[in-house]
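Q: Each chain, letter by letter, is given below.
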Amino acid sequence: MAYIKFRCTRVKMKFTTITKWEFKGTLKSKKFMTIFFLQISVLFLMIIIFNSFVTNIESESGISITPSLNGFASMDVQDQSGLISKYVNPDIITVIPSNYSNALNNTVNGKTTGFLYVPGNADREIQNGQTINMVVYLDTSDPKSSVVSGEVNSMAKIISQSYSSTLAASANPQNTTSPSINQQSTGESLPLQIIKKVMLVILLFLPLLLFGNIIIDSVVGEKERKTGEILIAMPISHAQIIIGKSMAVALTISLQVAMWVIILLLAGFHIFNPLLVFIFIILTSIPIIGITTVVAAYSKNYKEAGIGLSIAYIVIVGLLIIPVLVYISRKSFLSNISPMTIVMRLFSGETIPLGDYALTLLSIAIVSIISYWIAIKLFERDDILFGPRPGVLRLVFDLITFKKY
Amino acid sequence: MKLTALTKKEGQDILKNRIYILVVFVQVFILLGTFGIALASSIASDPVLLDQYGATSVLKVGVSDNIRGTELETDLVDQKLQLIYYNNISDAQKFLGTTLVSVVDVNPPGSLNVSVNTDSSNVFYPVVSTKVNNAVNEYQLQKKLESTGLNATQIQMILNPVNLQVINLNQNHQANLALNSSYFVEIMYGFIVPFILLLPFFLASNIVTDSVVGERERKTFEVLLMTPISSSMVMLGKILPILCFSLIQSVVWIGLLDLLKVPIYNPVLIFILLFFMGLGFIGIGVLLSMFVDSTKEANSAITIILVFATFILFMPLFIKTSYFTPILNYIPTVIMVKMASTPKINPIIILSALPTILISLMIFVFTIRYFRHERAIRL
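Protein chains in written order, with this note's numbering: chain C, 84 to 488; chain R, 12 to 390.
Calculated directly from the structure, the hints in this document are not laboratory data.
Glycine included, every Cβ here is placed at the ideal spot set by N, Cα and C.
Some hints could be false.
[Stated by the list, open to error] Cross-link-like lysine to aspartate or glutamate pairs, in silico, DMTMM-like; alpha carbons within 25 angstroms at most:
1) C:Lys103 - C:Glu307
2) R:Lys27 - C:Glu387
3) C:Lys240 - R:Asp89
4) C:Lys113 - R:Asp304
5) C:Lys383 - R:Asp304
6) R:Lys13 - R:Glu226
7) C:Lys280 - C:Asp439
8) C:Lys386 - R:Glu21
[Claimed, not checked] Covered stretches of chain R, going by a simulated chain C footprint (3 or more residues, C-beta under 8 angstroms):
9) 30 to 43
10) 130 to 137
11) 162 to 170
12) 177 to 190
13) 197 to 203
14) 307 to 316
[Claimed, not checked] Chain R residues, not near chain C, derived (Cβ > 10 angstroms throughout):
15) Lys19
16) Gln23
17) Ala51
18) Ser75
19) Gly80
20) Glu82
21) Ile100
22) Ser242
23) Leu324
24) Ile368
25) Ile370
26) Leu372
In isolation and in its complexed conformation, chain R is listed as follows (with noise of 0.2 angstroms):
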């Protein structure tokens, strides 16, 4: 009963807490804005889908008259790029960087040299570089291809050797997504699906060290452990209002991302793996309280942890070393990302997720039996 008490006061102070409020909306702005931004890049990086959107008007190629009627021109035109017609083409090379993405001439003309001139630092680079790459090799290859004396089959057969046919399969159940995208899937599964999910419990140690800190600045804490509860029990009545803002928050997030058409797969067992994670961000939080006489310079020593926490659980996603791989697929956030973009998940997936809970079970089991020992408050 005390213990309920103590948890529901613990609760209404988090709702109460202005900042906190403040993060859990700043943590909304986060998801729009990654998610947008993650949209935007897909599109502007992959071809297919610029000509879908009909963003081709950007793509803005400078040639020389001389390219007038040829095949190179018709092959540019085809990969909906936009030419710009310059009488020299050191017109054009003045103007690569500001209004054109690349320019390309072939001298002498109607030879087979071509030489492109593409501008790297441009947003559009990729897309330009593929579709310009193509329309040159296919100019090149049909120019070759003139001279042989091969009937049209045989010059089609040459120009396509490789035919791929798609078939979908478990069409009634397709994965409902905002951008059926390469690009969109690795970065919004591979990277921000698990950073939005952690966030909320990155919030958790903040409070932790505000609610245990705070209890000492005010001197309260005294007579908080002189009332008949166990000190285990204390632990507890703070700890688990602030594990269920974070857990429900991460729920609410999902539940944002499965509208935004992100759907995350494996709630339930995402959730178990959050529980244990948050479990341990809480123990260092509550340990870290343990060492600081103010709220300050708890805010501070936990920016640090939290620093080094985001080191530990985010750069593996994007660093390729040898030496990482062994351990890779233990790394939390990576099993996160296997469970969310996995309909039917591997059980060893779930078993590589073992290490972690242990991990955080040792770090919140010692911050308790510690809390005990020291009580905290070092009066």
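Same shape as in the complex, but just chain C (with noise of 0.2 angstroms):
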């Protein structure tokens, strides 16, 4: 009767059982749920800083990715006329006034990266059509004089041309044919893709790698508190085991996800198709979660497992960033093989041709099948669970060969 009984329960025994006592165990943490919301509230942080990261370089003149160095260095500048002084940018430049000979000793003794030196007549110069000749000292033992010299020249040059419009525009008062310029830009700079797509798109995926630490301590966690041998007594087979453990981890990764979604839609944040986002990012996770279970069932502690994610992770980020920077240059085909392009081109609000669908749910189904195959061959050998714990290459031989253990 007992026989039958245990017969009935083995049958009846699924992965979905494992699944819910895996997520029950993490929802019921009190410390999983306190980092749960911190990782959140760092969500907010990182949405404020975005904001206003975003409003300062699209408030700059010249688009571009650089710190705003406020004092970065300082310049004496002799400028009675005041023509020139007025154009240097004061947020990567301190501007002192000063006198000639101050000013070249506080160059010379490294107290001001560089000295301007303009004419004192330089507005009547100017005024009677003369050259004006401006010199300009660095101290070139400071590094920042390569930006002094840098602003110094292009503060030269907006000043040359404004001045040349001005006199050419009074040396031919008849000409009343006004040149014109029609410019137009195609597309959105790069450094504001970067910094709109680019890092959006990281933190949609962050979530994904937040939990490698939950299957560290899922499946090492069994070897190192010697539980493992109660888990394969039970009746239910060592795939069944992976793919339930593996599905909690997805469910809560789910749940991080569409909070995180969620709260970026309510910031504000452009997200076009956001459920199509929502579904590319948990199959995403899919993959993710094989590798980690593969780099877990082979550790013997979490050591050995931390080490493992570590790399692993850094190949992974790698590999899902690289085809992201392709596409924003090339927009190359090949680059919808990470999971992230797609996903950047969804929340733009581009439309994807069904071909750019099929090569990343192809990449995602591919690194899922092997990665999980991997996970439960290892998982389903004795001497990866209880020891004495094969190398790598006799593992690959056995692997490639189709050895059944």
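With the hints as a guide, dock the two chains, each given alone in a separate frame, to form the complex.
A: Okay, structure coming up:
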């Protein structure tokens, strides 16, 4: 009778039972919930910074990603006419009004990075149609002299162009035909794309990499707590154990991703196709959990799993981000191999051909199948679970020859 | 003597840990990678450097066949742009964003009406845009001046009303820079240098939590605290090797940056600042260790704290907001930027490091006192 009951239980137990146990265990852990909400507070902080960052670079005349170095370099300026010094960018260079001898001493002694000398009669020279001869002294022992030199050169070019246009107009007052430059720009600027699209897509994928510890705990923890024996003695296959544990993590991740997407939408981020974005991120979590499970299944303890996970995640992040950057610069079809590319295109509202979706889904499916197959094969081996653990070469040989263990 | 033994043991533990050694090597890759990116992006965004390195074949501009032999063509060629000719300008427009970075057209031919269409998503957009604008402005000025009857000298004066002479001082002690570019100096000193020098202290927070929580997990903390050594000394024995490990890394990174021709000035002052910041980072790590039960929890919590620390330390470097300005000069990363890039440092900058030193010391002292009170074990 007991045997029959046992047989019945054996038939009934599925991977969903494992999923339910693991998921409940995760949600019941107070510390996990604290970390979960701390992660969300990090997201809030990121949103604030992100918005300030975008506003800052959009307000710049030339959009670029450079630090806002208040008073990074300093420059003495002697410009009685005041014609020139007003063009110096005060965000980077602190302008110190000075006289010739003091200013030159300051620059020679390294107190300021440079000294700009503008002749006192510059305004009259301009009015008389004469060339203004400016001199910039640079303290070349200071690396910031490049910044001062660059700033003064671009300032001289702006002033030159402005006066040239004025002088040309006054030299030919009867010429009423004003020149016109019709300037148009196509596409969003690269720095803005990197900030708006790449940063947002990284933010959306971040939860996938934050839950590696749960997988490690779920798999390696069984070995360290010596509960692996009980687990494999249960009426459930090794494959179902792995799938059940992975499903629980996928559920936790989907909960976090859903919350992040909702928060980002509420914060005013333009995320087109939010449902598809969510689905593709969750689909991406499957191969990532698979790879993490392989690392966890092979590792003896938390420490080893930590090393393996660090290396694996560096590679995964690289493989996800590089195609995104390639897509931004080249719009290549192959860059859709990374699900990050398709998610970025989805939330940007691009029209995506079915072939591009197919490539992404194919890459997700291939990596998932391979990683889960390896994880299950590893988990089925007693020597992996209870030792002595075989070497990597031996394992690879057994896997490629489909050796039954 | 006992303190020395504990310090030695902790030091050996750090050096034997493969994760820590791996992270040290990862930092080398980060340093070399960020340096390479800064170098490449500086060249790609600077017209003068791009001309200097002869990489102008990528600056492709589509033009109509009818500009052949005109002043506009000469001006565009003078800017070292690679012109690709099309019978019809609409053909050129089709390649904008793929082969071409910009399309320039004059309609009707020979007139002053120039239309410029540029792909701003291209990596070389800033350079091409600057060069095309220079060429078009020059063309339009020349065309206007042609009809005025002015002589060549007068035209030249109008075209170049400002003459800038550059005089280099202190050339005997010239900064040995990898690239003489404004952007390179700004991005290297303004972000990458403080980022690289602080990386070891992010690692230090992790090591200290591992060390304290690890003792509790292995149930060896009781034994350690029962030894005839004060709890402050126990803490010092754990902290000293971690602090030294981080400071040594930072010193090595300073040397490596010097080798890469990014000279770091005032290394002693930076070292002192890093020492106190290290105490702050380690103090936070110890404090956190007293509230968690396992290494796993400690790692998750310290990651989140370090994310906050990154924002506090690095975001002020990129945000221009008026409400940040009064405190900007007291943020340690900003002080580090000024120290690292200035050969002769202003004493006021040194004084502005005092709040950082005081806050770090307060965190550290509070941690030690709390540790003595709680003894961090909560058996």
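Q: Would isoleucine 370 of chain R pass as off the interface with chain C, using Cβ distances and a cut of 10 angstroms?
A: Holds, since 20 angstroms exceeds 10 angstroms.
Q: Would you check whether the claim that isoleucine 100 of chain R is not at the interface survives, using Cβ distances to chain C and the 10 angstroms cut-off?
A: holds, 12 angstroms
Q: Verify the coverage statement for the segment 197 to 203 of chain R against chain C, using a C-beta to C-beta distance below 8 angstroms and requiring 3 or more qualifying residues.
A: holds (count 5)
Q: Would glutamate 82 of chain R pass as off the interface with chain C, using Cβ distances and a cut of 10 angstroms?
A: holds, 13 angstroms
Q: Against the 25 angstroms threshold, does the CA-CA distance of lysine 383 of chain C and aspartate 304 of chain R hold or violate the hint?
A: holds, 21 angstroms
Q: The output says serine 242 of chain R does not contact chain C. Does that hold with a beta carbon cutoff of 10 angstroms?
A: holds, 26 angstroms
Q: Does lysine 113 of chain C pair with aspartate 304 of chain R here, judged by a C-alpha cut-off of 25 angstroms?
A: Holds, at about 12 angstroms.
Q: How does the coverage statement for the segment 307 to 316 of chain R fare against chain C, requiring three or more residues with Cβ below 8 angstroms from a Cβ of that chain?
A: holds (count 6)
Q: Would you assess whether glutamine 23 of chain R, listed as outside the interface, keeps its beta-carbon beyond 10 angstroms of every beta-carbon in chain C?
A: Glutamine 23 of chain R clear of chain C: closest Cβ-Cβ about 16 angstroms, beyond 10 angstroms.
Q: Holds or violated: lysine 27 of chain R with glutamate 387 of chain C, Cα cutoff 25 angstroms?
A: Holds: lysine 27 of chain R and glutamate 387 of chain C sit about 13 angstroms apart, inside 25 angstroms.
Q: Is the Cβ of leucine 372 of chain R farther than 10 angstroms from every Cβ of chain C?
A: holds, 26 angstroms
Q: Please verify that the nearest CB of chain C lies beyond 10 angstroms from isoleucine 368 of chain R's CB.
A: holds, 22 angstroms
Of the numbered hints given earlier, the model fails none.
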